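**Student:** Sequence:
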Amino acid sequence: LNPSFKHLSPYTGGSFDVSYIAFKTLFGKFDPNRVSQTFKTFENYRVILSERLGKANPYSNGQPIGADGYYYGYGKYAVDVLIPSFIAAYTGQDPNKVGLIRQNNPNIRSNPFKAIIPRPNWKLDYNGINRIKGLEKIFTNFSISHGYTGGLSMNGFTSALLYQDVSQFGYPSFYDTVSKNFVPYFLVPNVSIQEQFSPLIGFDMMFTNQLQAKFEYAKSRQLSLSLFDFQLSEVRSTEFIIGAGYRKRGMKLLGGLKLPKFLSKNQTGKLDNEINFRLDLRIRDNVTANSRLDQDNNFATGGSKEITISPTIDYFLSNRVNIKLFFDQRKVKPYISSSAPTTNTRAGVQLRISLQP
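Every letter in the sequence shown is one number past the one before it in the numbering used here, and letter 143, counting from 1, is 158.
Treat the hints with care, as some may be off.
[Said to hold, decoys possible] No farther apart than 20 Å at their CA atoms in a straight line, the calculated lysine-lysine pairs in the PhoX-like style are these:
no., residue 1, residue 2
1, Lys55, Lys44
2, Lys112, Lys129
3, Lys70, Lys112
4, Lys138, Lys229
5, Lys229, Lys91
6, Lys91, Lys39
7, Lys152, Lys138
8, Lys348, Lys320
9, Lys320, Lys346
10, Lys138, Lys39
11, Lys70, Lys195
12, Lys229, Lys152
13, Lys44, Lys234
14, Lys263, Lys229
15, Lys112, Lys91
16, Lys320, Lys44
17, Lys70, Lys91
18, Lys112, Lys152
19, Lys263, Lys152
Source of the hints: derived by calculation from the structure; they are not laboratory data.
None of these values were measured; they are calculated from a predicted model.
Model the full structure from these sequences, guided by the hints.
**Tutor:** What follows is the structure, given as C-alpha coordinates:
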(Lines of atoms letter the chains of each structure in order from A and count residues from 1; the text may use other names and numbers.)
(Lines give C-alpha, C1' and ligand atoms only; values in the text may rest on other atoms or scores of the structure.)
Protein backbone atom coordinates (compact mmCIF):
# COMPACT_ATOMS: atom_id res chain seq x y z
CA LEU A 1 0.00 0.00 0.00
CA ASN A 2 1.10 3.54 -0.72
CA PRO A 3 2.08 5.10 2.66
CA SER A 4 1.01 8.53 1.38
CA PHE A 5 -2.67 7.49 1.54
CA LYS A 6 -4.49 7.71 4.84
CA HIS A 7 -7.98 6.79 6.06
CA LEU A 8 -9.15 10.25 7.08
CA SER A 9 -12.92 9.65 7.21
CA PRO A 10 -13.68 5.98 7.85
CA TYR A 11 -17.38 5.17 7.51
CA THR A 12 -19.19 2.30 9.17
CA GLY A 13 -22.78 1.16 8.78
CA GLY A 14 -24.87 -1.85 9.61
CA SER A 15 -27.70 -3.36 11.58
CA PHE A 16 -28.03 -5.21 14.86
CA ASP A 17 -30.59 -7.87 15.73
CA VAL A 18 -30.63 -10.32 18.67
CA SER A 19 -33.15 -12.57 20.37
CA TYR A 20 -34.25 -10.93 23.58
CA ILE A 21 -36.66 -11.11 26.54
CA ALA A 22 -38.83 -8.17 27.56
CA PHE A 23 -42.01 -9.69 29.02
CA LYS A 24 -41.40 -8.32 32.54
CA THR A 25 -43.27 -5.17 31.48
CA LEU A 26 -45.69 -6.77 29.01
CA PHE A 27 -48.50 -7.42 31.49
CA GLY A 28 -48.62 -4.00 33.10
CA LYS A 29 -51.72 -1.83 32.96
CA PHE A 30 -52.04 -0.17 29.55
CA ASP A 31 -54.37 2.59 28.37
CA PRO A 32 -53.68 3.96 24.85
CA ASN A 33 -54.80 7.43 25.95
CA ARG A 34 -52.68 7.62 29.09
CA VAL A 35 -48.92 7.68 29.56
CA SER A 36 -47.91 4.28 30.91
CA GLN A 37 -45.89 3.80 34.07
CA THR A 38 -43.22 2.02 32.02
CA PHE A 39 -42.81 5.07 29.78
CA LYS A 40 -42.46 7.30 32.86
CA THR A 41 -39.82 4.90 34.16
CA PHE A 42 -38.00 5.23 30.83
CA GLU A 43 -38.00 9.02 31.20
CA ASN A 44 -36.71 8.80 34.78
CA TYR A 45 -33.91 6.38 33.90
CA ARG A 46 -32.29 8.92 31.56
CA VAL A 47 -30.71 10.93 34.36
CA ILE A 48 -29.22 7.73 35.83
CA LEU A 49 -27.64 6.79 32.49
CA SER A 50 -26.43 10.36 32.01
CA GLU A 51 -24.63 10.10 35.34
CA ARG A 52 -23.03 6.75 34.44
CA LEU A 53 -21.81 8.06 31.09
CA GLY A 54 -20.72 11.43 32.45
CA LYS A 55 -18.57 9.82 35.12
CA ALA A 56 -17.09 7.29 32.69
CA ASN A 57 -16.20 9.78 29.93
CA PRO A 58 -12.97 11.69 30.73
CA TYR A 59 -14.09 14.51 28.41
CA SER A 60 -17.10 15.20 30.63
CA ASN A 61 -16.57 17.12 33.87
CA GLY A 62 -17.94 14.28 36.00
CA GLN A 63 -20.53 16.54 37.64
CA PRO A 64 -24.12 17.48 36.74
CA ILE A 65 -24.28 20.83 34.99
CA GLY A 66 -27.83 21.83 35.83
CA ALA A 67 -30.64 21.45 38.32
CA ASP A 68 -32.10 18.58 36.29
CA GLY A 69 -29.09 16.39 37.16
CA TYR A 70 -27.83 15.69 33.63
CA TYR A 71 -24.09 15.58 32.97
CA TYR A 72 -22.08 17.57 30.44
CA GLY A 73 -22.53 16.10 26.95
CA TYR A 74 -25.20 13.62 28.01
CA GLY A 75 -28.52 15.42 28.02
CA LYS A 76 -31.98 13.92 28.09
CA TYR A 77 -32.04 13.41 24.29
CA ALA A 78 -28.53 12.02 23.81
CA VAL A 79 -28.58 8.75 21.83
CA ASP A 80 -26.16 7.08 24.26
CA VAL A 81 -28.53 7.96 27.10
CA LEU A 82 -31.81 7.05 25.41
CA ILE A 83 -30.95 3.57 24.11
CA PRO A 84 -29.90 1.95 27.42
CA SER A 85 -32.64 3.83 29.30
CA PHE A 86 -35.24 2.44 26.90
CA ILE A 87 -33.87 -1.10 27.11
CA ALA A 88 -33.67 -1.02 30.92
CA ALA A 89 -37.20 0.35 31.38
CA TYR A 90 -38.98 -1.93 28.92
CA THR A 91 -37.12 -5.13 29.80
CA GLY A 92 -37.17 -4.65 33.56
CA GLN A 93 -33.41 -4.26 34.03
CA ASP A 94 -31.47 -2.24 36.58
CA PRO A 95 -30.46 1.11 34.97
CA ASN A 96 -27.20 0.99 36.92
CA LYS A 97 -26.26 -2.33 35.32
CA VAL A 98 -27.76 -2.25 31.82
CA GLY A 99 -25.14 -2.48 29.06
CA LEU A 100 -23.83 0.65 27.32
CA ILE A 101 -22.91 1.16 23.67
CA ARG A 102 -19.19 1.16 22.94
CA GLN A 103 -17.89 4.42 21.53
CA ASN A 104 -15.28 3.07 19.13
CA ASN A 105 -15.06 0.52 16.36
CA PRO A 106 -11.41 -0.51 15.95
CA ASN A 107 -12.04 -3.14 13.26
CA ILE A 108 -14.78 -4.83 11.27
CA ARG A 109 -14.94 -7.75 13.73
CA SER A 110 -15.70 -5.57 16.74
CA ASN A 111 -19.24 -5.38 18.07
CA PRO A 112 -20.20 -2.01 19.59
CA PHE A 113 -23.39 -3.59 20.98
CA LYS A 114 -21.74 -6.58 22.64
CA ALA A 115 -23.02 -5.44 26.05
CA ILE A 116 -26.52 -6.35 24.82
CA ILE A 117 -26.42 -10.09 25.43
CA PRO A 118 -28.81 -12.32 23.43
CA ARG A 119 -31.51 -14.04 25.46
CA PRO A 120 -33.17 -17.38 24.61
CA ASN A 121 -36.62 -17.85 23.08
CA TRP A 122 -38.56 -21.06 23.57
CA LYS A 123 -41.40 -23.31 22.45
CA LEU A 124 -42.92 -25.97 24.72
CA ASP A 125 -45.43 -28.68 23.83
CA TYR A 126 -46.62 -31.45 26.11
CA ASN A 127 -49.11 -34.12 25.08
CA GLY A 128 -48.78 -36.71 27.83
CA ILE A 129 -51.69 -35.73 30.08
CA ASN A 130 -53.95 -38.37 28.57
CA ARG A 131 -51.41 -41.00 29.68
CA ILE A 132 -51.97 -40.19 33.35
CA LYS A 133 -53.77 -43.01 35.12
CA GLY A 134 -57.50 -42.36 35.22
CA LEU A 135 -57.44 -39.66 32.53
CA GLU A 136 -57.00 -42.12 29.66
CA LYS A 137 -60.70 -42.96 30.08
CA ILE A 138 -61.62 -39.31 29.48
CA PHE A 139 -59.14 -38.10 26.83
CA THR A 140 -57.65 -39.71 23.78
CA ASN A 141 -55.39 -36.68 23.42
CA PHE A 142 -54.64 -33.68 25.63
CA SER A 143 -51.85 -31.30 24.62
CA ILE A 144 -50.61 -28.11 26.26
CA SER A 145 -48.57 -25.54 24.32
CA HIS A 146 -46.63 -22.43 25.24
CA GLY A 147 -44.12 -20.35 23.31
CA TYR A 148 -42.24 -17.06 23.46
CA THR A 149 -40.30 -15.21 20.78
CA GLY A 150 -38.69 -11.83 21.33
CA GLY A 151 -36.09 -9.69 19.65
CA LEU A 152 -34.27 -6.38 19.87
CA SER A 153 -33.04 -4.59 16.76
CA MET A 154 -31.29 -1.41 15.65
CA ASN A 155 -31.35 -1.13 11.88
CA GLY A 156 -29.59 1.27 9.56
CA PHE A 157 -27.09 2.75 12.01
CA THR A 158 -24.07 4.63 10.63
CA SER A 159 -20.93 6.16 12.04
CA ALA A 160 -20.96 9.91 12.62
CA LEU A 161 -18.51 11.91 10.51
CA LEU A 162 -18.21 14.51 13.29
CA TYR A 163 -17.17 11.96 15.90
CA GLN A 164 -13.86 12.73 17.60
CA ASP A 165 -11.79 11.09 20.32
CA VAL A 166 -8.77 13.40 20.46
CA SER A 167 -7.00 11.62 23.32
CA GLN A 168 -7.97 8.07 22.30
CA PHE A 169 -9.90 7.42 25.49
CA GLY A 170 -12.59 5.43 23.69
CA TYR A 171 -15.23 8.09 24.34
CA PRO A 172 -16.58 10.99 22.25
CA SER A 173 -14.90 14.35 22.72
CA PHE A 174 -16.69 16.55 20.15
CA TYR A 175 -19.43 18.58 21.83
CA ASP A 176 -22.33 19.66 19.60
CA THR A 177 -23.34 23.15 20.73
CA VAL A 178 -26.77 22.81 19.07
CA SER A 179 -27.91 19.58 20.74
CA LYS A 180 -25.59 20.16 23.73
CA ASN A 181 -24.51 16.52 23.56
CA PHE A 182 -21.37 14.67 22.58
CA VAL A 183 -21.52 13.36 19.01
CA PRO A 184 -21.55 9.55 19.42
CA TYR A 185 -19.60 7.15 17.25
CA PHE A 186 -22.83 5.63 15.91
CA LEU A 187 -25.99 7.40 14.80
CA VAL A 188 -28.88 5.03 15.47
CA PRO A 189 -32.21 6.08 13.90
CA ASN A 190 -34.44 3.76 15.88
CA VAL A 191 -34.58 0.95 18.42
CA SER A 192 -37.23 -1.76 18.28
CA ILE A 193 -38.37 -4.52 20.60
CA GLN A 194 -40.75 -7.20 19.35
CA GLU A 195 -42.17 -10.00 21.45
CA GLN A 196 -45.06 -12.42 21.45
CA PHE A 197 -46.41 -15.29 23.46
CA SER A 198 -47.76 -17.60 20.77
CA PRO A 199 -49.52 -18.82 22.72
CA LEU A 200 -49.12 -17.82 26.33
CA ILE A 201 -51.14 -20.93 27.09
CA GLY A 202 -52.95 -23.31 24.77
CA PHE A 203 -55.03 -26.45 25.28
CA ASP A 204 -56.11 -28.94 22.63
CA MET A 205 -58.31 -31.81 23.83
CA MET A 206 -59.93 -34.84 22.23
CA PHE A 207 -62.37 -36.76 24.42
CA THR A 208 -63.12 -40.45 24.16
CA ASN A 209 -66.68 -39.63 23.02
CA GLN A 210 -65.23 -37.77 19.96
CA LEU A 211 -65.81 -34.30 21.38
CA GLN A 212 -63.01 -31.79 20.68
CA ALA A 213 -62.13 -28.60 22.56
CA LYS A 214 -59.47 -25.96 22.01
CA PHE A 215 -58.39 -22.82 23.85
CA GLU A 216 -55.53 -20.40 23.16
CA TYR A 217 -54.49 -17.13 24.77
CA ALA A 218 -51.86 -15.14 22.88
CA LYS A 219 -50.30 -11.77 23.59
CA SER A 220 -47.81 -9.63 21.67
CA ARG A 221 -46.15 -6.22 21.74
CA GLN A 222 -44.08 -4.17 19.32
CA LEU A 223 -42.11 -1.13 20.50
CA SER A 224 -40.35 1.29 18.18
CA LEU A 225 -38.45 4.28 19.58
CA SER A 226 -37.51 6.95 17.05
CA LEU A 227 -34.28 8.73 17.96
CA PHE A 228 -35.06 11.58 15.55
CA ASP A 229 -38.38 12.86 16.92
CA PHE A 230 -38.14 11.06 20.31
CA GLN A 231 -41.46 9.33 19.89
CA LEU A 232 -42.37 5.81 20.96
CA SER A 233 -44.87 3.76 18.97
CA GLU A 234 -46.38 0.84 20.87
CA VAL A 235 -48.55 -1.85 19.29
CA ARG A 236 -50.25 -4.30 21.64
CA SER A 237 -52.34 -7.30 20.73
CA THR A 238 -54.32 -9.79 22.80
CA GLU A 239 -56.08 -12.76 21.24
CA PHE A 240 -58.39 -15.50 22.50
CA ILE A 241 -59.28 -18.56 20.43
CA ILE A 242 -62.03 -20.91 21.59
CA GLY A 243 -62.95 -23.94 19.53
CA ALA A 244 -65.22 -26.96 19.86
CA GLY A 245 -66.00 -29.88 17.59
CA TYR A 246 -67.68 -33.23 17.33
CA ARG A 247 -67.09 -36.17 15.00
CA LYS A 248 -69.62 -38.90 14.33
CA ARG A 249 -69.07 -41.94 12.14
CA GLY A 250 -71.86 -43.90 10.49
CA MET A 251 -74.36 -41.03 10.44
CA LYS A 252 -76.60 -41.83 7.45
CA LEU A 253 -78.28 -38.55 6.59
CA LEU A 254 -79.15 -39.65 3.04
CA GLY A 255 -80.93 -42.88 3.89
CA GLY A 256 -80.13 -45.86 1.68
CA LEU A 257 -78.45 -43.82 -1.08
CA LYS A 258 -75.63 -45.59 -2.89
CA LEU A 259 -72.86 -43.90 -4.86
CA PRO A 260 -71.43 -45.10 -8.17
CA LYS A 261 -68.50 -47.39 -7.49
CA PHE A 262 -65.97 -44.95 -9.00
CA LEU A 263 -66.92 -42.44 -6.26
CA SER A 264 -66.19 -44.86 -3.45
CA LYS A 265 -63.31 -47.16 -2.64
CA ASN A 266 -65.97 -49.40 -1.14
CA GLN A 267 -66.80 -51.51 -4.20
CA THR A 268 -70.38 -52.09 -3.00
CA GLY A 269 -71.08 -48.37 -3.33
CA LYS A 270 -72.50 -48.39 0.17
CA LEU A 271 -71.99 -45.11 1.98
CA ASP A 272 -69.40 -45.00 4.75
CA ASN A 273 -70.61 -41.75 6.29
CA GLU A 274 -68.77 -39.44 8.68
CA ILE A 275 -69.77 -35.97 9.85
CA ASN A 276 -67.63 -33.33 11.59
CA PHE A 277 -69.07 -30.30 13.38
CA ARG A 278 -66.72 -27.43 14.20
CA LEU A 279 -67.21 -24.03 15.84
CA ASP A 280 -64.37 -21.53 16.28
CA LEU A 281 -64.55 -18.16 18.01
CA ARG A 282 -61.67 -15.70 17.77
CA ILE A 283 -61.47 -12.43 19.71
CA ARG A 284 -58.57 -10.14 18.91
CA ASP A 285 -57.83 -6.78 20.52
CA ASN A 286 -55.22 -4.70 18.72
CA VAL A 287 -54.25 -1.12 19.58
CA THR A 288 -51.48 1.29 18.54
CA ALA A 289 -50.47 4.23 20.74
CA ASN A 290 -47.80 6.93 20.50
CA SER A 291 -45.95 8.66 23.32
CA ARG A 292 -43.58 11.63 23.14
CA LEU A 293 -40.79 12.23 25.61
CA ASP A 294 -41.38 14.97 28.19
CA GLN A 295 -44.84 15.89 26.88
CA ASP A 296 -47.00 13.83 29.25
CA ASN A 297 -49.16 12.95 26.29
CA ASN A 298 -50.30 9.59 24.96
CA PHE A 299 -52.82 8.98 22.19
CA ALA A 300 -54.20 6.07 20.19
CA THR A 301 -53.34 6.14 16.48
CA GLY A 302 -54.93 2.89 15.35
CA GLY A 303 -56.28 -0.46 16.33
CA SER A 304 -59.52 -2.36 16.55
CA LYS A 305 -61.41 -5.10 18.30
CA GLU A 306 -62.16 -8.05 16.03
CA ILE A 307 -64.61 -10.88 16.64
CA THR A 308 -64.71 -13.81 14.23
CA ILE A 309 -67.10 -16.74 14.40
CA SER A 310 -66.69 -19.73 12.07
CA PRO A 311 -69.03 -22.73 12.29
CA THR A 312 -68.51 -25.52 9.72
CA ILE A 313 -70.05 -28.90 8.96
CA ASP A 314 -68.09 -31.50 6.99
CA TYR A 315 -70.10 -34.47 5.73
CA PHE A 316 -68.12 -37.30 4.17
CA LEU A 317 -70.40 -39.31 1.91
CA SER A 318 -67.42 -41.55 1.20
CA ASN A 319 -63.67 -41.36 1.18
CA ARG A 320 -63.94 -39.61 -2.20
CA VAL A 321 -66.97 -37.35 -1.80
CA ASN A 322 -67.16 -34.54 0.75
CA ILE A 323 -69.81 -31.88 1.31
CA LYS A 324 -68.90 -28.87 3.41
CA LEU A 325 -71.21 -26.16 4.77
CA PHE A 326 -69.42 -23.12 6.12
CA PHE A 327 -70.18 -19.73 7.64
CA ASP A 328 -67.63 -17.09 8.55
CA GLN A 329 -68.39 -13.68 10.03
CA ARG A 330 -65.84 -11.09 11.08
CA LYS A 331 -66.79 -7.90 12.90
CA VAL A 332 -64.27 -5.07 13.31
CA LYS A 333 -64.78 -2.14 15.66
CA PRO A 334 -62.00 0.50 15.30
CA TYR A 335 -60.65 2.45 18.25
CA ILE A 336 -60.31 5.69 16.30
CA SER A 337 -63.11 7.73 14.76
CA SER A 338 -61.47 8.03 11.33
CA SER A 339 -62.24 4.36 10.62
CA ALA A 340 -65.71 2.88 10.31
CA PRO A 341 -66.90 -0.40 11.84
CA THR A 342 -67.10 -3.22 9.31
CA THR A 343 -68.70 -6.65 9.11
CA ASN A 344 -67.63 -9.28 6.58
CA THR A 345 -69.70 -12.43 6.11
CA ARG A 346 -68.95 -15.50 4.02
CA ALA A 347 -71.16 -18.56 3.70
CA GLY A 348 -71.59 -21.37 1.24
CA VAL A 349 -71.50 -25.02 0.32
CA GLN A 350 -68.53 -26.90 -1.11
CA LEU A 351 -68.68 -30.22 -2.92
CA ARG A 352 -65.36 -31.99 -3.28
CA ILE A 353 -64.90 -35.13 -5.38
CA SER A 354 -61.63 -37.02 -5.58
CA LEU A 355 -61.12 -39.18 -8.68
CA GLN A 356 -57.72 -40.54 -7.70
CA PRO A 357 -57.46 -44.35 -8.04
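**Student:** Now tell me, hint by hint, if it's right for this structure.
**Tutor:** Going through the hints against the structure:
1. Lys55 x Lys44: Holds, because 13 Å separates the two Cα atoms, which is no more than 20 Å.
2. Lys112 x Lys129: holds (14 Å)
3. Lys70 x Lys112: holds (14 Å)
4. Lys138 x Lys229: holds (18 Å)
5. Lys229 x Lys91: violated (49 Å)
6. Lys91 x Lys39: Distance ~25 Å between lysine 91 and lysine 39 Cα, so the pair is violated.
7. Lys152 x Lys138: Roughly 29 Å separates the two Cα atoms, so the pair is violated.
8. Lys348 x Lys320: holds (5 Å)
9. Lys320 x Lys346: Within the cut-off at roughly 8 Å; holds.
10. Lys138 x Lys39: holds (18 Å)
11. Lys70 x Lys195: Given that 20 Å is the threshold and the Cα spacing comes to 17 Å, the pair holds.
12. Lys229 x Lys152: holds (19 Å)
13. Lys44 x Lys234: holds (14 Å)
14. Lys263 x Lys229: holds (18 Å)
15. Lys112 x Lys91: holds (19 Å)
16. Lys320 x Lys44: Given that 20 Å is the threshold and the Cα spacing comes to 18 Å, the pair holds.
17. Lys70 x Lys91: holds (16 Å)
18. Lys112 x Lys152: violated (54 Å)
19. Lys263 x Lys152: Roughly 19 Å between the alpha carbons, so the hint for lysine 263 and lysine 152 holds.
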